[in-house]
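Residue numbers (full-length UniProt numbering), protein chains in the order written: chain F, 1 to 311; chain X, 1 to 311.
Do not take every clue at face value.
It does not matter which identical chain is meant; a pair holds if it fits inside one copy or across any two.
Calculated lysine-lysine pairs in the DSS-like style (CA-CA distance at most 30 Å, straight line) [as the list claims (entries may be wrong)]:
# : residue 1 : residue 2
1 : Lys-165   : Lys-175
2 : Lys-175   : Lys-231
3 : Lys-306   : Lys-175
4 : Lys-31    : Lys-290
5 : Lys-31    : Lys-233
6 : Lys-290   : Lys-55
7 : Lys-231   : Lys-31
8 : Lys-233   : Lys-290
In case anyone wonders, no lab produced these hints; they're calculated from the structure.
There are 2 protein chains.
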Amino acid sequence: MAAAGAETKEVENHHDDCCVQLLNPNLATMKEDVLYHFSLSTSTHDFPAMFGDVKFVCVGGSPSRIKAFTSYVAQELGLERPGADHPNICAGTDRYAMYKVGPVLCVSHGMGIPSIAIMLHELIKLLYHARCSNVTIIRIGTSGGIGLEPGSVVITQQAVDACFKPEFEQIVLGKRIIRSTHLDDQLAQELTRCSKELDEFPTVVGNTMCTLDFYEGQGRLDGAVCTYTEKDKQEYLRAAYAAGIRNIEMESSVFAALCSACGLRAAVVCVTLLNRLDGDQINSPHEVLKEYQQRPQILVGYFIKKCLRKA
Amino acid sequence: MAAAGAETKEVENHHDDCCVQLLNPNLATMKEDVLYHFSLSTSTHDFPAMFGDVKFVCVGGSPSRIKAFTSYVAQELGLERPGADHPNICAGTDRYAMYKVGPVLCVSHGMGIPSIAIMLHELIKLLYHARCSNVTIIRIGTSGGIGLEPGSVVITQQAVDACFKPEFEQIVLGKRIIRSTHLDDQLAQELTRCSKELDEFPTVVGNTMCTLDFYEGQGRLDGAVCTYTEKDKQEYLRAAYAAGIRNIEMESSVFAALCSACGLRAAVVCVTLLNRLDGDQINSPHEVLKEYQQRPQILVGYFIKKCLRKA
Chain F
1 MAAAGAETKE
11 VENHHDDCCV
21 QLLNPNLATM
31 KEDVLYHFSL
41 STSTHDFPAM
51 FGDVKFVCVG
61 GSPSRIKAFT
71 SYVAQELGLE
81 RPGADHPNIC
91 AGTDRYAMYK
101 VGPVLCVSHG
111 MGIPSIAIML
121 HELIKLLYHA
131 RCSNVTIIRI
141 GTSGGIGLEP
151 GSVVITQQAV
161 DACFKPEFEQ
171 IVLGKRIIRS
181 THLDDQLAQE
191 LTRCSKELDE
201 FPTVVGNTMC
211 TLDFYEGQGR
221 LDGAVCTYTE
231 KDKQEYLRAA
241 YAAGIRNIEM
251 ESSVFAALCS
261 ACGLRAAVVC
271 VTLLNRLDGD
281 QINSPHEVLK
291 EYQQRPQILV
301 GYFIKKCLRK
311 A
Chain X
1 MAAAGAETKE
11 VENHHDDCCV
21 QLLNPNLATM
31 KEDVLYHFSL
41 STSTHDFPAM
51 FGDVKFVCVG
61 GSPSRIKAFT
71 SYVAQELGLE
81 RPGADHPNIC
91 AGTDRYAMYK
101 VGPVLCVSHG
111 MGIPSIAIML
121 HELIKLLYHA
131 RCSNVTIIRI
141 GTSGGIGLEP
151 GSVVITQQAV
161 DACFKPEFEQ
171 IVLGKRIIRS
181 THLDDQLAQE
191 LTRCSKELDE
201 FPTVVGNTMC
211 TLDFYEGQGR
221 LDGAVCTYTE
231 KDKQEYLRAA
241 YAAGIRNIEM
251 ESSVFAALCS
261 ACGLRAAVVC
271 VTLLNRLDGD
281 QINSPHEVLK
291 EYQQRPQILV
301 GYFIKKCLRK
311 A
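With the hints as constraints, model all of the structure from the sequences given.
Here is the structure:
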């Protein structure tokens with residue numbers, strides 16, 4: 001009994017160490033918390049019962065891709081429910097879609113920093129209200145590659161801004177503040193190991209540039225507005241490559257900043273749909289793009305399965 | 001015959017004057033243009049046949065709200081198709097939804113500047129490829145109000161940033177550039193007149209603050225992260241009010257910047273869901289919020305009907 005008690009205590013301490021934290025003292029005093037963009041509220045939903053067992057959160061831009069990932073993970077973990085679809089937990093809104101399979105929560109986030117930031121604020125509060133602990137969060141997405149064969153998967157080392165700095169700049173009450181975009185090194189290494197074990201597609205670890213725009217903000221020549229030349233573009237992308245950047249997307253910096261601020265172990269795994277040194281348009285056949293988009297799902301599904309086998 | 005020739009010429013000139021313009025010389029030399037996030041391409045779709053008659057474009061964040069608006073406009077203009085749903089023109093993707101009713105195109109844009117910017121680049125290219133002319137574009141959305149009764153509608157005079165400046169800042173090839181956020185004054189006046197004629201809900205003309213974040217970026221106290229006090233927040237919002245700002249949303253600045261750069265007559269009409277001086281949470285009953293959200297739709301539907309009657 002003494003031994004069992006000691007074990008319980010250790011488990012509890014471990015639990016306390018890795019709880020989801022908020023950097024906001026106001027939440028503790030609120031009677032109700034309405035997560036408006038999820039159409040969920042602490043007064044109408046029992047968060048600990050609904051989400052208390054969540055250990056993995058996977059997020060991605062497209063709601064249909066997140067739904068497909070949910071089915072894939074359910075199958076991989078042997079948690080399919082034949083004949084029954086996974087219900088969308090955020091069915092009361094069309095802002096985001098959310099599904100749960102055992103300890104895995106899957107949430108869509110739309111496109112761009114503001115859209116994923118709204119989702120993350122409400123997700124982190126959800127995990128806090130549910131008293132979740134030891135949560136790993138992974139963004140699975142698509143991106144433009146730099147100097148990589150299309151279909152390559154990039155595990156992000158550092159999320160950097162459009163000036164190649166590992167910073168997330170934000171305006172709060174009219175003043176610029178800077179946050180670190182640190183991601184979990186050990187998690188990136190574990191994912192890299194998983195990719196080697198899988199050996200199904202090329203995977204690299206590299207920096208990921210996060211921009212506020214898809215066209216001008218990523219140096220594309222094919223937007224409605226373009227005020228620079230092919231030469232200017234090539235110089236910018238080659239300088240990015242020299243700075244260790246291997247892909248460009250639109251969410252990783254705020255994802256890294258908010259997750260690390262709130263004690264979530266976070267990683268970003270994106271497939272590249274094209275090599276931006278060769279062009280701007282995404283015009284590969286639909287079936288090719290679909291197969292590419294499954295690659296981060298396969299890698300992250302394998303990783304989760306492996307973690308759960310060990311546990 | 002001579003008279004008819006002269007009339008044709010005049011119509012053509014008028015057409016030339018108000019055509020949708022791109023600020024990008026590269027597009028003219030491209031054999032194909034893939035509008036990736038619409039799942040449409042100039043090589044697989046006949047843009048002039050599909051969209052050549054578009055005179056009004058209405059955009060809003062939520063795909064279901066845009067679908068509801070489409071049905072509403074169809075009914076108002078007597079263009080319902082009994083028993084037939086309006087097909088989603090972007091059915092090949094879940095990034096955006098698009099519907100067309102006669103000369104009115106309705107498109108969803110998700111949340112935040114990056115999400116609406118992707119949509120606008122592709123929309124403006126679509127209108128250009130379709131050779132549309134004299135297009136009016138209106139964003140109908142939701143917002144947080146400052147010092148207004150919830151449910152009030154704000155017609156935007158100037159879109160301003162989080163420092164209250166009428167500017168849209170963007171990073172292009174690693175350098176900061178600033179664009180004007182000018183909106184069409186005459187269009188705002190016409191919409192104000194329509195609102196007076198309707199006389200169904202309070203409407204004001206005021207400045208709209210466009211932020212990159214919903215929580216910290218708008219001075220909310222209820223996000224996962226908050227590092228300031230209620231007093232700091234009140235000071236910021238009261239300074240915004242003093243600068244003529246009556247509501248806060250997340251898309252107007254880039255909407256104004258891109259539309260005015262490309263020759264589209266643009267306006268922003270948003271309802272306020274709450275008064276931010278009184279709180280941060282959107283916790284009005286669902287039915288109340290639903291009725292509020294219909295107000296910009298009713299105003300813009302009335303405006304379009306009136307324009308078409310005159311034409």
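Review point. Can you give the numbers of the hints that this structure goes against, from lowest to highest?
Key: Of the numbered hints given earlier, the structure breaks just one, which is hint 3.
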